[in-house]
Amino acid sequence: MSDYRYMRVIRCKVDLNKISVSSLWDLEDKFTDLFDMNLPRYFEKAVAENDEYLDYVLESKIDDNGGEWGKSRYLTENEANKYLLLFSEIYPDVKRDDLRAVEFCWYDCSEAPLYYDVDEEEWL
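Going by our numbering, the sequence shown opens with residue 214, and the numbers climb by one from there.
To be clear, the hints were calculated from the coordinates, so they are not data collected in a lab. Note that the structure is a prediction, hence the values are computed from the model and not measured. Keep in mind that the hints are not guaranteed to be accurate.
Computed Cβ-Cβ distance ranges for the label pairs, DEER-style [unchecked claim]:
#1 GLU281 with ASN230: 29 to 39 angstroms
#2 GLU290 with TRP238: 28 to 38 angstroms
#3 ASN278 with ASP310: 27 to 37 angstroms
#4 ASP239 with LEU299: 11 to 21 angstroms
#5 SER233 with ASN278: 37 to 47 angstroms
With a straight-line Cα cutoff of 30 angstroms, these simulated DSBU-like cross-link-like pairs (lysine-lysine) come out [as the list claims (entries may be wrong)]:
#6 LYS258 with LYS226
#7 LYS308 with LYS284
#8 LYS295 with LYS284
Glycine is no exception: its CB is placed at the ideal position from the N, C-alpha and C atoms.
Just need the whole structure built from these sequences, with the hints factored in.
Structure follows, in structure tokens:
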């Protein structure tokens with residue numbers, strides 16, 4: 214039986230041409246210590262349609278009553294300062310506009326949905 218999974222991440226849209234790799238899997242091989250799921254917080258690949266994203270997982274848990282939903286927002290100045298430094302270890306050209314704070318829940322037996330574009334009204 215599968216459950217719903219809740220995740221809270223910092224998501225970055227990645228241009229692979231800027232980091233000289235052919236796929237996000239190459240990044241995982243290159244930075245194995247940063248992609249270690251045994252850590253409380255770790256990086257994870259997020260591939261959706263034709264775009265590639267890098268997630269820094271802040272929280273991931275089973276949520277029996279979660280349903281399917283998601284929302285994205287721009288980072289605060291403090292968050293941007295904190296996470297730009299972290300993402301720059303992997304993606305040196307990262308800009309504040311590349312990052313989003315994303316929360317979502319989905320049925321764990323399916324592909325996780327993509328949330329990146331910000332709908333301002335969701336946060337009012």
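Tested hints:
{"no.": "1", "hint": "GLU281 with ASN230: 29 to 39 angstroms", "verdict": "holds (33 angstroms)"}
{"no.": "2", "hint": "GLU290 with TRP238: 28 to 38 angstroms", "verdict": "holds (33 angstroms)"}
{"no.": "3", "hint": "ASN278 with ASP310: 27 to 37 angstroms", "verdict": "holds (35 angstroms)"}
{"no.": "4", "hint": "ASP239 with LEU299: 11 to 21 angstroms", "verdict": "holds (19 angstroms)"}
{"no.": "5", "hint": "SER233 with ASN278: 37 to 47 angstroms", "verdict": "holds (44 angstroms)"}
{"no.": "6", "hint": "LYS258 with LYS226", "verdict": "holds (11 angstroms)"}
{"no.": "7", "hint": "LYS308 with LYS284", "verdict": "holds (20 angstroms)"}
{"no.": "8", "hint": "LYS295 with LYS284", "verdict": "holds (21 angstroms)"}
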